[in-house]
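J.: Residue numbers (the working numbering), protein chains in the order written: chain A, 356 to 976; chain B, -4 to 266.
Among these hints, one or two may not hold up.
Said to hold, decoys possible - Below 20 Å or equal to it, Euclidean Cα-Cα: the simulated SDA-like pairs (lysine to any residue) are:
(1) A:K433 with B:D206
(2) B:K223 with A:I934
(3) B:K223 with A:R429
(4) B:K223 with A:T401
(5) B:K223 with A:V885
(6) A:K433 with B:R204
(7) A:K433 with B:K223
(8) B:K11 with B:D1
(9) A:K433 with B:R210
(10) A:K433 with B:I211
(11) A:K433 with A:T401
(12) B:K223 with A:R891
(13) A:K433 with B:A219
(14) B:K223 with A:R406
(15) B:K223 with A:T405
(16) A:K433 with A:T405
(17) B:K223 with A:P854
(18) B:K223 with A:R887
(19) A:K433 with A:T384
Read the hints as simulated data drawn from the structure, not as lab findings.
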Amino acid sequence: MTLTSVAVGFGSGPIAPLITELGLDYAATPWQRRSTEDGAAWHHETPRDTRWWGTYAVRAGSLAEARSLLPLLRSEGKAHRFILLIEGHAPHEEADAWTPRHLVSKAAVAGKTVSGFGFATVIDGGTWVTVHAAATAALREALESGPTEGLGGLRVGITDPGYRSWLAGDPVGSLMTPELLNPEDDDIYAVDVIVGQPSSSLPRVEGRITPTVWTPGPADLPPVDTAVISPRGFLPDADGGIAELVPAAVVGGGGLTERELASLRNAPYLVVDGARFQSLRYELGARLSQLAVAGVPMLARDLPADVGEMIGRDIVDLIGRFDPAEAPVQRESKSIDLRRAALERFAPRQRWSLILGELDQCVPPEPTVSVLLATRRPERVGAALAQVAQQSWEPLQVVLVLHGFTPADHPSVRRAVETYRGHLTVVTVPAGTVFGEALNAGTRAAEGVYLAKMDDDDWYGAHHIRDLVRAAQHSGAQLVGSQVEFVYLESLDITTRRPSAGERYTDHVAGGTMVLRLDDLRQLGGWRPVHRAVDRCLLQAVQAAAGRVYRSHGQNYLMHRHAATDSHGGHTWNPEDSIFLQSVAEQWDGFAPPPQITARPPAFTGRSDDLSSYFTIGRQQ
Amino acid sequence: MVSITDDLAALGIELKPVHGPRTASPLIGVVVRAEAAPELAVAATIASLLTSAAQDFTVHVVGASAASTPRVRSWVGADARFHWLPTAAPPAATTYTLVLPAGTRVGMYTLEAYVDAIRLTGASCVRALVDGQSASAELWDTAILARLQATGDPEAAVRTSGTERWVAGGSLGLHDYLRPAPRLHVRKGPAGRHDLTVVVRDAGDAGVRRDYEERIRDLESRLARSEKARRRMEAGVLPKRGAARVYAALRRGPAHVTGRAVTMLRRTRSS
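The shape of chain A in the complex, shown without the other chains (with noise of 0.2 Å):
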């Protein structure tokens, strides 16, 4: 079969000069010219799923032509080459103020890999452009990560280049020059906190803040930058061999890169020896900061007793935990309670929360969530409650949203919903409402920062929602959540678990997963009114409006795959299961939550009937 090409919005012009001055091979494949005015040209015989073209180009007249095009493009398949051309169009080439976002979008535009060299981005603002500013642009079109938080408005200071570890997570960071050091009398500090000694003490004016000055002590290490260090890229399956960590990778104070640490993923463990690095234990110790924020599974031996008061008991008793022999099911547990740890630690956030309170300042809040729990069981509510009340983040806000019930109409939602020690928030809908207006009805009885879809029947970790909302905070994505890898089917008895491909950029997350936040939401229009595939919707909401969507580890949620009910009332398996057994990494007998989830067995757990081996006592009669 021969690809066609398609060119709309060219006429009967001709399309090999654009495709030529493109320096692109414009190969003698047959051409669609199609009429953006003509409704039948868009018509198609083959599904959606087989429309195959070779190069698809696209010629408009102006930006807002190419955007009212959008729409006829939506069933057009794929193709192996799409060109867009506005003619006359030269983005970015002048903007009214080069404010930072400006800049980003010409760095995007302006952004290439030079072969040999690298990444190189030019950013000709054709008059003054903000050298910061261009930086900060051409570095954010170069990092694959979302714009994080930051310090949640704390701006820090540097009196030494050699601090500037300090400021990882502060997007206006700055060394601190004599005339920063020296404002007039009628302006303000630029930041908040300055890390170093400065040369002479801090001029003070009357009603005017002055920067707290602190010190580092030579056992404080500085925060990770998780834009760059993470837990991405982790994998539950590392096939490699074991790994050596080396002097001489820490000598100079170097922080880990990213190379470094996409080199070391695909090894099981890196072994430390402590007594290779007795005259490097600061920069060990940083080292390991950020080994343990990324997860990377440690086998370590002789640590000096100084590297653990600099990272933590708590962290130098997580790394001793990992055991070469072990599942790997269980290294990545591990790994994720390593990780877990040092984000509380050496995420620039917390990094700076630690020191405001060692200092007696004011420690910016934790963001609360607001967990959105809609169900049609009322034999639900109790367990679906009991799994939010387990929840280790703070400060949380419970939206149960009763989809054709009332707490007055069963005693057990009554009791379950009066016993509630938290924040909880009940909204009642009727049984006809649509499902996604009874998530939207939820969603604006949501005071949160942060809205988390949770379950009535699934299982869920106790740190499910730190997780989801640290793993929001070091991507930058607008959706965060986990895969489907855990599954109990409760007709087989059995629980199985999937391939992961590990923490990542995806386009697809679970449901019962969802994690994002609330002005998020609201911007991409809240769920849509539909009576399933609520979250396809939204997966699909946040893509088009070039949102980031990152999965996180997979140990935080079990699936409950229900039995049918034949009609006894009995259980039964579900006709179509087997598609839960295809591409199964690992499976156990019985209900066997992954080691971040402690649970009890759901109340019916036995094999079904029909599903008994036929060599079971009792069946050969």
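Add chain B to chain A, keeping to what the hints say.
T.: Chain B in isolation, oriented as in the chain A frame:
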């Protein structure tokens, strides 16, 4: 003295148990659970066994009355491998015991794949879920089964010891006789093995490239549909079957129906 199979192995000729010379005891003892199944279902299972590439088996059809299966009995009556029993048979003197619910069909290489699966996993029992079937297929190491039966409940024993494995029947080529055979995109060992005629093609040839690109696109399309189905399963949505599926297609209008028909016709011609 070096065995002949060792000498063959040195030449790179390795035979699996399903390919070995016949012995007095067949390799696989098949138990077809007929019970209340219609005669056609029993016949379909037997037919699939007869068309299997591996034929070293004996078959016990259990629970089917003579009155309910007269034609099938007559059909295979002269084949000494088939036996009809009213109740369960004790494990035969075979290496493996395979239980198939009536109506479950095996593919041409299913028996080989199934034996490979139990050997490679080291399991005592491999059980397969087949969509559309209410019971599972199961393959046992007969010696282990007999030992466990003598001392207690075999199923409980293998579950406790962690030597039971569940797989999707489609991955072994098993399917319900009223449903189409599964398409195997990723060849998992013998389940997808065919006699190959190797043709060397020049990847630089434009026609060859187009041909491979078309196959890749076809696989990607199937993968996308499979992903869609998986997500629907995760969401608890069952795919439409039978009349409901026809009705859903008709509701989309004549253009959709025509388009699907054209696509299917093209696929049939190109396959």
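J.: Please flag the earlier hints that this structure goes against, numbers listed from lowest up.
T.: Result: no hint breaks.
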